[in-house]
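Spelled out from the first residue to the last, the chains are:
2 protein chains.
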Amino acid sequence: MNHDPTASPTELSLPDAARTLLATSKQGSLATLDPRDGAPHASLVELLPTSRGDVIFFTSNLAVHTTNLKLDERASVLVWDTSDGDDILAQQRMTIVGEFVEEPKTDELAQAWVELHPGAKNYLGFKDFNFYRLVTRRARYIAGFGRMDWIDAETFAAATPDPIAASAPGIIAHMNEDHEHNLIDYARAFLGRSSASAAKMKGIDRYGFDVVVSDEDGEPSVARLMFSKEIASAREARAELVAFAKKAREVLGDASLAARRDRG
Amino acid sequence: MNHDPTASPTELSLPDAARTLLATSKQGSLATLDPRDGAPHASLVELLPTSRGDVIFFTSNLAVHTTNLKLDERASVLVWDTSDGDDILAQQRMTIVGEFVEEPKTDELAQAWVELHPGAKNYLGFKDFNFYRLVTRRARYIAGFGRMDWIDAETFAAATPDPIAASAPGIIAHMNEDHEHNLIDYARAFLGRSSASAAKMKGIDRYGFDVVVSDEDGEPSVARLMFSKEIASAREARAELVAFAKKAREVLGDASLAARRDRG
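Line by line, the protein sequences are chains A and B.
Position one of the first sequence corresponds to residue 1 (the numbering used here), numbered consecutively onward.
Position one of the second sequence corresponds to residue 1 (the numbering used here), numbered consecutively onward.
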């Protein structure tokens, strides 16, 4: 986080990162209260994030969580980063705590729901399926090991998802599948990792991107590379990445070409 | 489910299927109660299933859910089938409701935990990480659309995971990657799907397996094929599948070979 108001940010603020995770989530785990004994009930749900950081659900009267939320509006929903399943405790995740209110079944909302959840078109008109809104009161965001905080409702509502969040999975997949040699060049040219033998992009946002760099021996480590300016689109991200590749080749000179031949 | 006591079962009972899902789960979503206002708190956790259907957790005193469970032992944990992420509402999942008790940190338990969660070796000895057991009181198991029920504690404890559950993902991947032509043959020979053009194994247990069959036109549909006897190991599953392939070739005769040439 950036504590000098005159300095440029180098990474998403915790509230912006939290809103970005929510904006890219389609499913989660809902926790409601069972009226039989007050026990918390965890269930799997589809969801639709709103532009102010509330969460919409479309659910059947037959579901246990619907019975529960009608009797007690207190609930929370867990969303998590599904991009890397190897170590869930290193992944970002968030609990949004709030209260449920009924949400009118407008055509606009129904259309937004089906765009995100195409399977719902088969039961969108069913009378016993209704929309509910979880009004966010606070959120517990865990960015990974050791970086976490509670975020209050006002801060959460005022924060904004990263503008390139929707494009990020495609950019990351493309770089890792087709441009790992460029990522290795970045590590060698700009991160002082002259013996880097593998590199994977792990995350990208409007300020820069994270690369997991490995040598032949030794544990992989994560480093961040900053864009020349704050970007606002996938097109600008591409331009920045191309400029990085060009600059890396200049820095590395023949070493880059030789290394590429070695990797064959 | 089998209602005729003289008939052989054709599929896992709902309690056995539920215990099978738990036995193959390594992570889940925990719902605890926040002491501030009684709100249910959903969080992401690693877990270890026990042989009687309880669930063990290894968690830091710094985690919100640890603070919560120490003040109120009521909780539930959601586990879900992660094998096919396309339509979560068609996937099996389960909520296990119970109460937390502290679990002694024995060497045996620590070893079992690290076998399932190798990353934990880095903090296994930390004094502020402890084991807790969620003692199962009831479970809500959803096998998929329309097949679901509550299971009481006694029934859940008496049920058993399927003996080939641990091998199932490997068998399914192997059949779908290398033996789809055999699966198509099964569909043509035994399911009356003479124009089947694609087939994927979706599940396998001690009684048989499920195949998703597609024609050139039309929606894919799921059908079940039964083994000649109840099996108890991956080796027996392989023998049954080989026998299926041989029998299918006999039934289909030259048609099978011709079809294979067409698929080229």
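These aren't lab readings, by the way, just hints derived from the structure by calculation.
Treat each hint with caution, since some may be false.
For identical chains, the list gives no copy identity; a pair is met inside one copy or between any two copies.
[Claimed, not checked] Subject to a maximum C-alpha distance of 27 angstroms in a straight line, what follows is the list of computed DSSO-like cross-link-like pairs (lysine-lysine):
no.	residue 1	residue 2
1	Lys26	Lys247
2	Lys202	Lys121
3	Lys121	Lys200
4	Lys127	Lys26
5	Lys247	Lys70
6	Lys200	Lys26
7	Lys26	Lys202
When the hints from earlier in the document are held up against this structure, which numbers fail?
1, 5
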